[in-house]
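Trainee: Each protein sequence line maps, in turn, to chains A and B.
In case it helps, the working numbering puts the first sequence at residues 1 to 312.
In case it helps, the working numbering puts the second sequence at residues 313 to 599.
Please note: incorrect hints may appear among the correct ones.
Cross-link-like lysine to aspartate or glutamate pairs, in silico, DMTMM-like; alpha carbons within 20 Å at most [claimed, not checked]:
id: 1; chain 1: B; residue 1: Lys513; chain 2: B; residue 2: Glu482
id: 2; chain 1: A; residue 1: Lys280; chain 2: B; residue 2: Asp540
id: 3; chain 1: B; residue 1: Lys453; chain 2: A; residue 2: Glu48
id: 4; chain 1: A; residue 1: Lys17; chain 2: B; residue 2: Glu491
id: 5; chain 1: B; residue 1: Lys393; chain 2: B; residue 2: Asp540
id: 6; chain 1: A; residue 1: Lys172; chain 2: A; residue 2: Asp262
id: 7; chain 1: A; residue 1: Lys17; chain 2: B; residue 2: Asp540
id: 8; chain 1: A; residue 1: Lys280; chain 2: A; residue 2: Asp52
id: 9; chain 1: B; residue 1: Lys513; chain 2: B; residue 2: Asp383
id: 10; chain 1: B; residue 1: Lys425; chain 2: B; residue 2: Glu500
id: 11; chain 1: B; residue 1: Lys393; chain 2: B; residue 2: Asp383
id: 12; chain 1: B; residue 1: Lys453; chain 2: A; residue 2: Asp213
id: 13; chain 1: B; residue 1: Lys590; chain 2: B; residue 2: Glu482
id: 14; chain 1: B; residue 1: Lys502; chain 2: B; residue 2: Glu491
id: 15; chain 1: B; residue 1: Lys375; chain 2: B; residue 2: Glu491
Calculated from the structure, these hints are not laboratory results.
Below are the chains, spelled out letter by letter.
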Amino acid sequence: MGKTKKAEKKKSISYAKWGYIFIIPFFVVYVIFTLYPQMLTIYNSFFEYYRDGLNVIGPNFVGLGNYAKLFSPNTAGYIPIIRFTLNTGILWIIGAVPQFVVAMLLALFFTSTRLNIKGQQFFKTVIYMPNLIMASAFAMLFFALFSQVGPINQLLISTGAIDKAINFLAIKISVRSLIALMNFLMWFGNTTILLMAGIQGIDESLFESARLDGSSSTQVFFHITMPLLMPIFIYVFITSMIGGIQMFDVPQVLTNGKGTPDNTSMTLIMYLNQFLGISKNYGMAGAVSVLLFIITAILSTFVFRTIAGNKK
Amino acid sequence: MKNNINTIAKLKLLISRLIVYTVLIFLSFLCLFFFYLMFINSSRSNAQLQAGFTMIPGGNALKNFINAWNDSSISIPVGMKNSFIVACLSAILTSYFSALTAYGTYVYNFRFKKLIHLFILAIMMIPSQVSAVGFIQLAFKYHLTNKLWMLIIPSIAAPSVYFYMRQYLEATLPLEMVEAARIDGSNEFKIFNQIVLPIMKPAIAVQMIFSFVGSWNNYFMPALLLNDAQKKTVPVMIATLRSADYSKFDMGKVYMLMVMAILPVMVIYMILSKSIIKGVTSGSVKG
Numbered sequence: 001m002g003k004t005k006k007a008e009k010k011k012s013i014s015y016a017k018w019g020y021i022f023i024i025p026f027f028v029v030y031v032i033f034t035l036y037p038q039m040l041t042i043y044n045s046f047f048e049y050y051r052d053g054l055n056v057i058g059p060n061f062v063g064l065g066n067y068a069k070l071f072s073p074n075t076a077g078y079i080p081i082i083r084f085t086l087n088t089g090i091l092w093i094i095g096a097v098p099q100f101v102v103a104m105l106l107a108l109f110f111t112s113t114r115l116n117i118k119g120q121q122f123f124k125t126v127i128y129m130p131n132l133i134m135a136s137a138f139a140m141l142f143f144a145l146f147s148q149v150g151p152i153n154q155l156l157i158s159t160g161a162i163d164k165a166i167n168f169l170a171i172k173i174s175v176r177s178l179i180a181l182m183n184f185l186m187w188f189g190n191t192t193i194l195l196m197a198g199i200q201g202i203d204e205s206l207f208e209s210a211r212l213d214g215s216s217s218t219q220v221f222f223h224i225t226m227p228l229l230m231p232i233f234i235y236v237f238i239t240s241m242i243g244g245i246q247m248f249d250v251p252q253v254l255t256n257g258k259g260t261p262d263n264t265s266m267t268l269i270m271y272l273n274q275f276l277g278i279s280k281n282y283g284m285a286g287a288v289s290v291l292l293f294i295i296t297a298i299l300s301t302f303v304f305r306t307i308a309g310n311k312k
Numbered sequence: 313m314k315n316n317i318n319t320i321a322k323l324k325l326l327i328s329r330l331i332v333y334t335v336l337i338f339l340s341f342l343c344l345f346f347f348y349l350m351f352i353n354s355s356r357s358n359a360q361l362q363a364g365f366t367m368i369p370g371g372n373a374l375k376n377f378i379n380a381w382n383d384s385s386i387s388i389p390v391g392m393k394n395s396f397i398v399a400c401l402s403a404i405l406t407s408y409f410s411a412l413t414a415y416g417t418y419v420y421n422f423r424f425k426k427l428i429h430l431f432i433l434a435i436m437m438i439p440s441q442v443s444a445v446g447f448i449q450l451a452f453k454y455h456l457t458n459k460l461w462m463l464i465i466p467s468i469a470a471p472s473v474y475f476y477m478r479q480y481l482e483a484t485l486p487l488e489m490v491e492a493a494r495i496d497g498s499n500e501f502k503i504f505n506q507i508v509l510p511i512m513k514p515a516i517a518v519q520m521i522f523s524f525v526g527s528w529n530n531y532f533m534p535a536l537l538l539n540d541a542q543k544k545t546v547p548v549m550i551a552t553l554r555s556a557d558y559s560k561f562d563m564g565k566v567y568m569l570m571v572m573a574i575l576p577v578m579v580i581y582m583i584l585s586k587s588i589i590k591g592v593t594s595g596s597v598k599g
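Using the sequences and the hints given, assemble the complete structure.
Mentor: Rendered as structure tokens:
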């Protein structure tokens with residue numbers, strides 16, 4: 001055993017350079033297209049650097065000036081970054097809570113031997129479908145369907161539920177609900193499939209013995225399924241959160257980048273996107289990006305732990 | 313007495329099944345309803361659409377299609393061509409180079425092997441938007457906006473695809489096979505291309521599908537990078553529909569444009585739904 005190991009080591013040393021050769025393309029591209037731009041982003045965040053009409057202002061070093069600016073109130077009397085972070089959080093939560101509740105229920109339905117659900121493949125295919133749909137087209141579709149002259153208003157008027165068309169995009173609750181509904185539809189199928197795989201990974205004999213002991217299905221859920229599913233549940237939950245922070249396409253297209261009404265559906269990335277528009281405000285955009293990076297870095301350590309902890 | 317308990321248990325099961333199926337059918341309905349409306353509306357004329365709500369197809373589909381295809385402000389054929397170029401090439405590059413990188417850190421022993429593997433895992437969760445500021449700045453500085461390859465080449469370095477490929481290799485590739493091929497005198501590139509790649513076919517297929525879909529749907533970066541009408545991809549065009557004054561639009565055409573944006577992915581999904589759904593779980597952590 002010891003001898004073969006030694007022999008293997010000797011052999012692999014002579015091939016070491018191939019290891020480097022094979023990973024070179026990945027790292028060259030990573031450094032040029034991701035790492036260097038990331039460094040530049042952080043660097044920018046310490047400079048005043050934007051476009052004003054045809055003039056380029058800066059780059060002038062301002063230290064933490066951009067961050068101070070980011071956290072100071074605007075003319076409307078609120079701190080934009082705080083409001084937009086809260087918006088992003090709220091939009092994520094009102095979509096994610098039903099998403100996880102429904103996905104958990106469906107995962108339990110599908111894996112229940114007692115219920116023995118037929119047509120699982122069909123249901124899974126249908127509920128996963130919205131996940132693959134172009135989010136910007138999906139948002140445009142919702143805009144068309146829910147616009148003042150759209151079919152939803154027509155339907156409500158013709159059934160007599162309302163007598164005047166509702167401008168769904170001008171009401172805070174309805175805009176937020178529409179965004180949450182779209183996110184829910186796009187993600188609950190995906191979550192269901194992931195949680196289902198998690199439940200199927202639990203040792204079947206544990207359920208058997210619990211059933212023989214006469215435990216009710218609620219007891220089984222809280223004492224066996226949930227504790228054993230926890231690592232996967234946390235992984236799926238945090239990745240969903242990281243996805244939520246990056247929420248952009250749906251609110252951007254639905255509200256035409258304006259976060260109507262009164263910036264209540266403006267997300268962090270939409271805010272970042274504004275700085276990258278005509279003004280090309282690399283300084284402020286850099287500061288927003290750094291903030292974004294810090295939030296995801298904190299959340300990612302949890303995910304990283306789950307992955308690293310699962311290594312054989 | 314026992315019979316009674318049995319009947320009650322059966323009745324209970326029947327009721328819970330009834331509830332479960334109702335929930336499933338309701339959710340399926342919800343998932344399909346909006347897309348059904350989109351397809352229906354794409355077959356109706358603008359006048360029909362103004363007239364009121366219906367669930368029955370119009371019969372104007374072909375005309376809407378021709379109008380959408382020949383629209384002067386949004387040239388969807390150009391957009392679809394651009395999107396196809398970006399999505400296909402990204403799919404090929406991302407799966408090939410991720411497999412190559414995964415093979416590199418899995419089969420060979422070199423000093424920083426472990427560190428490199430951990431590094432790639434660590435950067436996996438960094439949102440792509442964090443590099444956007446620098447990326448856009450460089451693109452404008454070096455006049456690289458409106459270049460499609462700026463959206464294609466970065467896909468060579470895809471940490472999450474690497475992670476998937478690495479897991480697949482760990483599970484399927486016996487190292488003795490590589491040894492045997494070496495004894496036969498194959499060089500390292502040949503071993504990877506002719507022996508390892510065929511073994512990885514299922515993993516590559518899954519990642520190519522997901523990558524194709526991902527870049528077909530990608531909106532954030534292309535919107536910042538592409539402003540030339542001849543270079544825009546489909547999502548960027550769809551978003552410009554929203555910013556235009558929609559009340560002047562032929563809505564039948566607008567719905568048709570959305571159908572065209574979504575259809576390629578829908579067709580892929582209809583053919584490959586089984587393996588796509590399988591692929592959803594295999595890439596994440598295993599319990």
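Trainee: Hint by hint, work out which the structure violates, then give me just those numbers in ascending order.
Mentor: 7, 9, 12 and 15
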